[in-house]
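Participant: If you're matching them up, the sequences are chains A and B in order.
Residues 1 to 115, numbered by the working numbering, are exactly what the first sequence covers, in order.
Residues 1 to 115, numbered by the working numbering, are exactly what the second sequence covers, in order.
It should be emphasised that the hints constitute simulated quantities derived from the structure, not laboratory data.
Be careful, since some hints might not be right.
Not close to chain A: a few residues of chain B, all C-beta gaps over 10 Å, as computed [claimed, not checked]:
1) M10
2) K52
3) R68
4) I74
5) H77
6) T79
7) L80
8) K112
Derived, one-sided and incomplete: chain A residues facing chain B with beta-carbon distance under 7 Å [what the hints assert, rightly or not]:
9) G42
10) P43
11) P108
12) G109
All of these numbers come straight from a predicted model, not from anything done at the bench.
The C-beta atom is built at its ideal place from N, Cα and C for all residues, glycine as well.
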Amino acid sequence: GAGVSQSPRYKVAKRGQDVALRCDPISGHVSLFWYQQALGQGPEFLTYFQNEAQLDKSGLPSDRFFAERPEGSVSTLKIQRTQQEDSAVYLCASSPPGLATNEQFFGPGTRLTVL
Amino acid sequence: DAKTTQPPSMDCAEGRAANLPCNHSTISGNEYVYWYRQIHSQGPQYIIHGLKNNETNEMASLIITEDRKSSTLILPHATLRDTAVYYCIVRVAPGVTGGGNKLTFGTGTQLKVEL
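Isolated chain A, as found in the complex (with noise of 0.2 Å):
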């Protein structure tokens, strides 16, 4: 079946510039993670929706990141005013239901480059 898809996959931006980004989950998979990977590092997380409810933004950096997930399945992650150091890759992860292995499938994220 298909995995987690994200959109774009490539997204440059001038400093200033709003961006939007998606993700589409695994059909059927309630809990959603969106991580920020800058180079050379590994992920770190941004925030977590279990269906639509946003249970955990602990990880955004500023009041400039935004996601949303209106009816559980798509989310968007939404940078307003982007600067330079939001340049990085932008993973998102679903995870179904039940606590078996607790695994998260994640997309091929979008790479996000601000002039």
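Model the placement of chain B on the given structure of chain A, informed by the hints.
Facilitator: Chain B in isolation, oriented as in the chain A frame:
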């Protein structure tokens, strides 16, 4: 979540076993050891996880020491496609009191498999 320590890089000859160590000396009794890997330009991929017993699946084996302060991920017959960054993560499983859902990645071990 407990902190983990991994060597920054390792080399392995194709066809040989790759043994990737991880130290997690501050692990708590209810924390699991998870391993993920990230192939270049892809999102992380779940490999295996365990609590205290050794585990094996189609991808790898996980050996956890009796005191649970360290573990080793074993790829029994490494191939060129196993070249990736391997992340050891310690976290509380979901459903356990105080458990979280996010993954806390370090910088991982860059495994290079060569001919």
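Participant: Now look at each hint and say whether the structure bears it out.
Facilitator: The hints, checked one at a time:
1. M10: At roughly 16 Å from the nearest Cβ of chain A, M10/B sits farther out than 10 Å, so the non-interface label holds.
2. K52: Non-interface label stands for K52/B: nearest chain A Cβ at 16 Å, farther than 10 Å.
3. R68: holds, 19 Å
4. I74: I74/B clear of chain A: closest Cβ-Cβ about 19 Å, beyond 10 Å.
5. H77: holds, 23 Å
6. T79: Fine: 21 Å to the nearest Cβ keeps T79/B off the interface.
7. L80: Given a closest Cβ separation of 20 Å, the condition holds.
8. K112: Holds, because the least Cβ-Cβ distance between K112/B and chain A comes to about 16 Å, which exceeds 10 Å.
9. G42: holds, 3 Å
10. P43: holds, 5 Å
11. P108: holds, 6 Å
12. G109: Constraint on G109/A satisfied, holds at 6 Å.
Figure legend: structure checked against the earlier numbered hints; every hint is met.
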